[in-house]
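Work out the full structure: start from the sequences and follow the hints.
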Amino acid sequence: MSEPQIAADTRPWRDPARQPFIEIRNITKRFGDFTAVNDVSLGIHRGELFCLLGGSGCGKSTLLRMLAGFETPTEGAILIDGQDMGRVPPDRRPTNMMFQSYALFPHMTVEKNVAYGLLREGMSRREAYARAAEMLKMVKLESFGRRKPHQLSGGQRQRVALARALIKQPKVLLLDEPLGALDKKLREETQFELIRIQETLGVTFIVVTHDQDEAMTLATRIGVMRDGVIEQVGEPREIYENPKSRFVADFIGSVNLFEATVEAAAPDMMRLACPDAGGAVLVPPQTGLTRGQTVWGALRPERITLSRDRPDSARNVLRGTVEDVGYVGHMSTFRVVLDTGRMIRVTEPNNLREGKPISWDERVWASFRPEAFKVLTE
Amino acid sequence: MTGRGWVLPMAVVFGFVFLYAPIISLVVFSFNESRLVTVWGGFSTRWYGELLRDRQILNAAWVSLKVAFWSANLAVIVGTLGAFVLVRMGRFFGRLLLTGMITAPLVMPEVITGLSLLLLFVSMELTLGWPAGRGLTTIIIAHTTFCAAFVAVIAQSRLRDMDESLEEAARDLGAGPVRVFFDITLPVITPALVSGWLLAFTLSLDDLVIASFVSGPGASTLPMVIFSKVRLGVSPDVNALATIIIGIVTIAVLIVGWMLRKQARAGR
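Protein sequence lines correspond, in order, to chains D and H. Each residue of the first sequence is one higher than the one before, counting from 1 in the UniProt record's numbering. Each residue of the second sequence is one higher than the one before, counting from 1 in the UniProt record's numbering.
Do not rely on the hints blindly, as some may be mistaken.
[Unchecked claim] Quick partial rundown of chain H residues pointing at chain D, CB under 8 Å, derived from the structure: (1) Leu19; (2) Ala21; (3) Pro22; (4) Asp163; (5) Leu166; (6) Arg171; (7) Gly176; (8) Val178.
Hints are computed from structural coordinates only; laboratory data are not their basis. Treat the numbers as computed from the prediction; the structure is a model and nothing was measured. C-beta atoms are modelled at their ideal positions from N, C-alpha and C, and glycine is treated no differently.
Here is the structure:
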């Protein structure tokens, strides 16, 4: 797999010597008996668009609120640009937040909402309103300044909230489910709009979301959270291709998970005994595994190829029957029942395929390359 | 179906008669020429004229308006603070007690509220020397006490409905806690406070029992004067006065209702 080399300064997290811009050090937050965030440490670099991804109740919002200063960590410290935020109240932090509900002040006009942060800084009315007009222009709402928030559509309110949160040029912008309240089409457009604005201003963004597609599209890096713990941090591709745990593999995209036992390690190939897959599976050799150890294999549906005839070259081949076919336009999804009784999901792109497409109840061969079978120990 | 056809209108008519017949008869008789309440002597506004010449009633009306104005103002301040503390300050020592106490005047019999306030004022005068005697001040304090309870209930429900992230957003944009209260919280709950003020004003204007306990010589409110007049026999100018009060109260209630509806719509 060859990819163009990108200079290290656009991906500073790849350089371990680099000092992160935001340092979260062993942060724990407990509400009574409930531990919302459990000993999280994380470094986020300047100019990143970092996504905290996880299901509801995983602690991602609590972590964001601690960065904004609305919650005090039970233990641990947060440093922004080298400065300890421990005793700094929310109104003195170099962060601004965009709320999930947008939290536009209902009794103020749009321009006053946007200018509010500057007015509180003591800027003159004229200058603050001039800057607010600039911000509104950036989010393409220049003619809406005199309206009240309730006279705007959901998408327009979202942009006002963004303009208001950005006007003080914060070092860090915190976004809590920024696109959650928008419909699907608008959400896709707005994703790229957010990236454009982030790149133009160079502000560090931290986004909380439960939507994995959103995280994959937006993020420079993703932190997957579960039960108050960060399971994995990485670039979207890394998280998708090399999940570290079953949870991450399952949470990001869809996956077929197999239980297997390490059988033998040949110099070029490792053999796993996988009864569900109907025998042995060959994977590339890996360090840190011992004979007899139980592991999990994650196999992405798009990495499996279906064919009527047994493919000669493939190292891993499974036999099964197509139970169900779903046509989704650009691709088809298959549910194949293996002869072992195990059901797997397979997706294939619908580009020009020769011959008759594979259909219900056909006997098929499902094959995949050794690298496609990701071995997980957690 | 045919059954429902006449039962429902009947029920409505009966309900309206039950509620409004006494009031209507009072309004009608306030325009009665005759001195005898039970005899219709033709239409006249004579009693309204006579009312305007009655110094005692005019004085009492002025006292009542002053009391209602000041106790409504104070009740809005005290009630709002109480509601804010209960809704926004989280858990603190004595919170449950305060919750109970702030609504106690709503359910407490007026006689008990009046009596306990009287005892308080008397013992305060003995130990602190203030308030000196009973009069306008004590009535205002007493009315503030029970009106604040109503304001607190209204303000509490509005505060609970209010999106807390509005206040957080203002904090986030650089406003200190006090600034947030005046910039965001207060304007957002203002409609509730206005209706609370009007309610307090009306309640204060209506009150007879508590005022009777805590008033002193020279500070008789309108309900007190009317009550003592009626005990000596119903005089027609009281009808006229009652009609005017009904008019004022009706307008106030309509305004409160309209404001609450508007607020419900704005709060989506």
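The hints, checked one at a time:
no., hint, in the structure
1, Leu19, "violated (37 Å)"
2, Ala21, "violated (44 Å)"
3, Pro22, "violated (43 Å)"
4, Asp163, "holds (6 Å)"
5, Leu166, "holds (5 Å)"
6, Arg171, "holds (4 Å)"
7, Gly176, "holds (6 Å)"
8, Val178, "violated (11 Å)"
Taken one by one, the earlier hints fail for this structure at numbers 1, 2, 3 and 8, listed in ascending order.
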